[in-house]
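Protein chains in written order, with the working numbering: chain A, 1 to 156; chain B, 1 to 156.
Watch out, some of these pointers could steer you wrong.
It does not matter which identical chain is used: a pair holds within one copy or between any two.
[Said to hold, decoys possible] Think about it this way: if two alpha-carbon atoms lie no more than 16 Å apart in a straight line, the pair counts; the simulated EDC-like pairs of lysine to aspartate or glutamate are:
no., residue 1, residue 2
1, Lys-51, Glu-18
2, Lys-51, Asp-83
3, Lys-51, Glu-99
4, Lys-51, Asp-100
5, Lys-51, Asp-138
6, Lys-51, Asp-109
7, Lys-51, Asp-102
8, Lys-51, Asp-114
9, Lys-51, Asp-32
In short, the hints are calculated from the structure, not lab data.
There are 2 protein chains.
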Amino acid sequence: MQTSTDAAALAALIRHLEAMPPVAALQPRLLDWQPGRVRLGAPLQANINDKGCAFGGSLTSLMTLAGWGLVTLTLERAGLHADVFVADSQVRYLRPVFEDLDAQAQFEDPALADTLLHGLRTQGRGQAMVQAQVRLADGRSAATFSGRYVAIARTD
Amino acid sequence: MQTSTDAAALAALIRHLEAMPPVAALQPRLLDWQPGRVRLGAPLQANINDKGCAFGGSLTSLMTLAGWGLVTLTLERAGLHADVFVADSQVRYLRPVFEDLDAQAQFEDPALADTLLHGLRTQGRGQAMVQAQVRLADGRSAATFSGRYVAIARTD
Numbered sequence: 001m002q003t004s005t006d007a008a009a010l011a012a013l014i015r016h017l018e019a020m021p022p023v024a025a026l027q028p029r030l031l032d033w034q035p036g037r038v039r040l041g042a043p044l045q046a047n048i049n050d051k052g053c054a055f056g057g058s059l060t061s062l063m064t065l066a067g068w069g070l071v072t073l074t075l076e077r078a079g080l081h082a083d084v085f086v087a088d089s090q091v092r093y094l095r096p097v098f099e100d101l102d103a104q105a106q107f108e109d110p111a112l113a114d115t116l117l118h119g120l121r122t123q124g125r126g127q128a129m130v131q132a133q134v135r136l137a138d139g140r141s142a143a144t145f146s147g148r149y150v151a152i153a154r155t156d
Numbered sequence: 001m002q003t004s005t006d007a008a009a010l011a012a013l014i015r016h017l018e019a020m021p022p023v024a025a026l027q028p029r030l031l032d033w034q035p036g037r038v039r040l041g042a043p044l045q046a047n048i049n050d051k052g053c054a055f056g057g058s059l060t061s062l063m064t065l066a067g068w069g070l071v072t073l074t075l076e077r078a079g080l081h082a083d084v085f086v087a088d089s090q091v092r093y094l095r096p097v098f099e100d101l102d103a104q105a106q107f108e109d110p111a112l113a114d115t116l117l118h119g120l121r122t123q124g125r126g127q128a129m130v131q132a133q134v135r136l137a138d139g140r141s142a143a144t145f146s147g148r149y150v151a152i153a154r155t156d
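One chain only, chain A, in its complex shape (with noise of 0.2 Å):
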């Protein structure tokens, strides 16, 4: 069920992305959003390369804005305003992508959820590390991501 807090954190995470001109740039949309878990979608058309499928970065950028995303939902459910970065990732292209692109993440453990805020609540400071992946519609990945975020906790 979603909250009214979860529609204001929604509404702003849309408005950050738009905000932004390299991320507007791919057209990203929210998918879907439960806790524990962020889809994002972008056109193929936005994304697309030289040879007819999706650009190697914008797979790597939409997985990092969905694990970006769910990071930022998982504090702004809680409560808790923080900026949040990511530290490193590692990316693996597996097939080309020849439709939408479709990029989910989640945490690396459900546990890590309650280890960021944690974080956050007693130290001013968490990370998480998170796994993302682009799925074809036929269900095989297309590229996967693991990448460490870190969360500092706002003072305003």
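Assemble the complex: chain A is given as a structure, and chain B must be docked to it using the hints.
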């Protein structure tokens, strides 16, 4: 010294980058190319995030493209025509970038260029590890990249 082959390959590279919408959005430009090294720049304004510094996805895309350009130009210079793909990559985000982006790519080991060319000539495919980084004007590293590229000979 640049040859006319270099000039043609550079012109093709720039056309190639500009033809991809998600790449054109980054507004990349070639700052320097020497055998074994490619430098790409991009304006901060086109790549800015909500914190007033460069979006992490733009840093990664620019480093990925610099590596792609390095492999492509190395092959073209040797008279080889191939499709070049990034297969996997690791990125570390070290410092925020509040200035125009400057990404440089080189082979992890200079001898890898010869191995790449040898693979293309004898087996129709080759691969190479590339390192890249985004450097700040003061010389410090803002992000580092390590990626594996695969090249497959084109028969056209």
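Hint by hint, here is what the structure shows:
no.: 1; hint: Lys-51 / Glu-18; in the structure: between (27 Å within a copy, 14 Å between copies)
no.: 2; hint: Lys-51 / Asp-83; in the structure: between (37 Å within a copy, 9 Å between copies)
no.: 3; hint: Lys-51 / Glu-99; in the structure: within (13 Å within a copy, 32 Å between copies)
no.: 4; hint: Lys-51 / Asp-100; in the structure: within (15 Å within a copy, 29 Å between copies)
no.: 5; hint: Lys-51 / Asp-138; in the structure: neither (21 Å within a copy, 38 Å between copies)
no.: 6; hint: Lys-51 / Asp-109; in the structure: neither (36 Å within a copy, 29 Å between copies)
no.: 7; hint: Lys-51 / Asp-102; in the structure: neither (19 Å within a copy, 26 Å between copies)
no.: 8; hint: Lys-51 / Asp-114; in the structure: neither (42 Å within a copy, 26 Å between copies)
no.: 9; hint: Lys-51 / Asp-32; in the structure: neither (29 Å within a copy, 25 Å between copies)
The structure fails to meet hints 5, 6, 7, 8, 9 from the earlier list, while all remaining hints are met.
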